[in-house]
Amino acid sequence: MPAQSIWTLLSWGPDGWIDDIASGVLVTIALALATLPIGLTIGFFVAFAKQQEEPSLRLAANIYTTVFRGLPELVTLFLFFFGMPLLLQHLIRLFWPEATVDVNGFIAGMIVLSLIFSSYASEVFLSAFRAIHKGQYEGGYAIGLSKWQTMRLVILPQLLRIAFPGLENCWLSLLKDTSLVSVVNLAETLRNASVAARVTKHAFLFYSVAALVFLLLAILSSIATGYILRSLGRREAR
Amino acid sequence: MSVSQAIAVDRPPPLARFWPRARIVGYALVGLWTLFGLGILAYLIFAWNAAFFARYAPAYLRGLGTTLSLVAISMVAGAILSLPVAYGRMSKSRILSGLAYCYVYFFRGTPLLVQTYLVYYGIGSFRPELQTVGLWWFFREAFYCGVFAFSLNTAAYQAEILRGAIESVPRGQWEGAASLGLHKLHTLRKVIMPQAIIVALRPYGNELILMIKASAIVAIITVYDLMGNAKLAYANSFDIQAYIWVAIVYLVMVEILRHGVEWIERRITIHLKR
Numbered sequence: 001m002p003a004q005s006i007w008t009l010l011s012w013g014p015d016g017w018i019d020d021i022a023s024g025v026l027v028t029i030a031l032a033l034a035t036l037p038i039g040l041t042i043g044f045f046v047a048f049a050k051q052q053e054e055p056s057l058r059l060a061a062n063i064y065t066t067v068f069r070g071l072p073e074l075v076t077l078f079l080f081f082f083g084m085p086l087l088l089q090h091l092i093r094l095f096w097p098e099a100t101v102d103v104n105g106f107i108a109g110m111i112v113l114s115l116i117f118s119s120y121a122s123e124v125f126l127s128a129f130r131a132i133h134k135g136q137y138e139g140g141y142a143i144g145l146s147k148w149q150t151m152r153l154v155i156l157p158q159l160l161r162i163a164f165p166g167l168e169n170c171w172l173s174l175l176k177d178t179s180l181v182s183v184v185n186l187a188e189t190l191r192n193a194s195v196a197a198r199v200t201k202h203a204f205l206f207y208s209v210a211a212l213v214f215l216l217l218a219i220l221s222s223i224a225t226g227y228i229l230r231s232l233g234r235r236e237a238r
Numbered sequence: 001m002s003v004s005q006a007i008a009v010d011r012p013p014p015l016a017r018f019w020p021r022a023r024i025v026g027y028a029l030v031g032l033w034t035l036f037g038l039g040i041l042a043y044l045i046f047a048w049n050a051a052f053f054a055r056y057a058p059a060y061l062r063g064l065g066t067t068l069s070l071v072a073i074s075m076v077a078g079a080i081l082s083l084p085v086a087y088g089r090m091s092k093s094r095i096l097s098g099l100a101y102c103y104v105y106f107f108r109g110t111p112l113l114v115q116t117y118l119v120y121y122g123i124g125s126f127r128p129e130l131q132t133v134g135l136w137w138f139f140r141e142a143f144y145c146g147v148f149a150f151s152l153n154t155a156a157y158q159a160e161i162l163r164g165a166i167e168s169v170p171r172g173q174w175e176g177a178a179s180l181g182l183h184k185l186h187t188l189r190k191v192i193m194p195q196a197i198i199v200a201l202r203p204y205g206n207e208l209i210l211m212i213k214a215s216a217i218v219a220i221i222t223v224y225d226l227m228g229n230a231k232l233a234y235a236n237s238f239d240i241q242a243y244i245w246v247a248i249v250y251l252v253m254v255e256i257l258r259h260g261v262e263w264i265e266r267r268i269t270i271h272l273k274r
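Just so you know, the protein sequences line up as chains A and B, in that order.
Per the UniProt record's numbering, the first sequence starts with residue 1, numbered consecutively.
Per the UniProt record's numbering, the second sequence starts with residue 1, numbered consecutively.
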């Protein structure tokens, strides 16, 4: 194998690998961004259930967070990736005996990351719920807002502001957790870097590039969240 | 009816329905979980395979030992390594604190999986150089590489925990001890640490739990820990119960630890309760 210079390897095009890694980066970002709204929604409702008076709701929410925070991410991923097709196949074969099920790595990754992200985000939301004074609900009801309106117009804006720093941490760990989906062969950053490393035998170089990509994503998101945090702060009551 | 409406000043509140919506949803969700749990239980009983168990149970037990020793070694090594890092983070010297900051930022900003690959495949690719230095025996073994990567990673997290805990102690405590003529190290050991440990206990417990969960990653670099044995069992048998069993073991481990940490926390904050 002819010795290639590092710069050829890191170039754009057929000889270089940067284009492959860049497409992986896009997949990483897409995966994280696709997970975010689902995870936030589930996390919010789990936290909402946890601070209800109804004990059965609290129990259901507690089981959820216990399971998905207790299981290693990798185990959850493998369970879903290998278990879900099995389960779906059994269910579908009841109706169509010939059908086969194939689970897309992206979808499986999205589901698993949403489960994990939401169970961590729910803790953040829960502590934010607890930081909001009861008088805020009572004030909402007193001016004639319905329960849902109070939640949407009075509680949620404050909740998001309080929960934001915690959610930022959840987002950063979500970004990092996307790398785990590479083990079920989704062509994201780490996976493509691994392929490049295996083909070119420059493992250190390409894994460093992958690490730098993740660092860069973390830096970019902390810049972005800084902006959001400042705009949230401006909207705070004066 | 019209009379009662006209003089309805303080009607008693309507009786709560026996099945408010929250309860219906709650029961439905708990029912779903129960069904799910029973389903898994039923599957495990239905798919009970004595041969599978006899073949892989000892392997799982060995894997559990590997996981626990990996986590224990990394936690201790990380704790030792975290001391200089935390010192650097708190130091007034620009260079020291900058270096420590970069270290922490790198290891907290990149995935542990990438770090593990970087050590095992990345550093491992410099075989001739490592052989001349005489470190090849270390980086040849996936287990040692895992320990190395995990120690570096957890050191960054533990340094932040340590720093946060020490900085949570008010400065007056340092000043008070200094005015009594205590040496700095002495102050740290006798005055600051007892107060910092209360703050740090929960984050340390969480870090331990995170490490146990993260240790499943080493299965990917061919270490036969708990997860690694599950992967092997699945690859040989294509039986999903390989992963279900391993999930149960991890869940039990994490729950025991979580409750253990809570118990210790209750014990050491007993004097703060009113």
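If you're looking for bench data, these hints aren't it; they were derived computationally from the structure.
Beta carbons are placed, not taken as given, at the ideal position from N, Cα and C, and that holds for glycine.
A hint or two may mislead.
Chain B side only, calculated, beta carbon under 8 Å to chain A, not exhaustive [stated by the list, open to error]:
{"hint": "1", "residue": "R23"}
{"hint": "2", "residue": "P111"}
{"hint": "3", "residue": "L118"}
Ranges of calculated distance between the beta carbons of each label pair, as one might list FRET restraints [to be verified]:
{"hint": "4", "chain 1": "B", "residue 1": "G260", "chain 2": "A", "residue 2": "A131", "range": "49 to 57 Å"}
{"hint": "5", "chain 1": "B", "residue 1": "L32", "chain 2": "A", "residue 2": "F95", "range": "17 to 25 Å"}
{"hint": "6", "chain 1": "B", "residue 1": "W48", "chain 2": "A", "residue 2": "L91", "range": "20 to 28 Å"}
{"hint": "7", "chain 1": "B", "residue 1": "K184", "chain 2": "A", "residue 2": "T8", "range": "34 to 42 Å"}
{"hint": "8", "chain 1": "A", "residue 1": "M151", "chain 2": "B", "residue 2": "R140", "range": "53 to 61 Å"}
{"hint": "9", "chain 1": "A", "residue 1": "L160", "chain 2": "B", "residue 2": "A59", "range": "42 to 50 Å"}
{"hint": "10", "chain 1": "B", "residue 1": "L32", "chain 2": "A", "residue 2": "S221", "range": "53 to 61 Å"}
{"hint": "11", "chain 1": "B", "residue 1": "F126", "chain 2": "A", "residue 2": "I92", "range": "49 to 57 Å"}
{"hint": "12", "chain 1": "A", "residue 1": "L91", "chain 2": "B", "residue 2": "E129", "range": "49 to 57 Å"}
{"hint": "13", "chain 1": "B", "residue 1": "A59", "chain 2": "A", "residue 2": "I219", "range": "16 to 24 Å"}
{"hint": "14", "chain 1": "A", "residue 1": "A131", "chain 2": "B", "residue 2": "E129", "range": "50 to 58 Å"}
{"hint": "15", "chain 1": "A", "residue 1": "A34", "chain 2": "B", "residue 2": "L257", "range": "31 to 39 Å"}
**Q.** Hint check, failures only
**A.** 4, 7, 10 and 13
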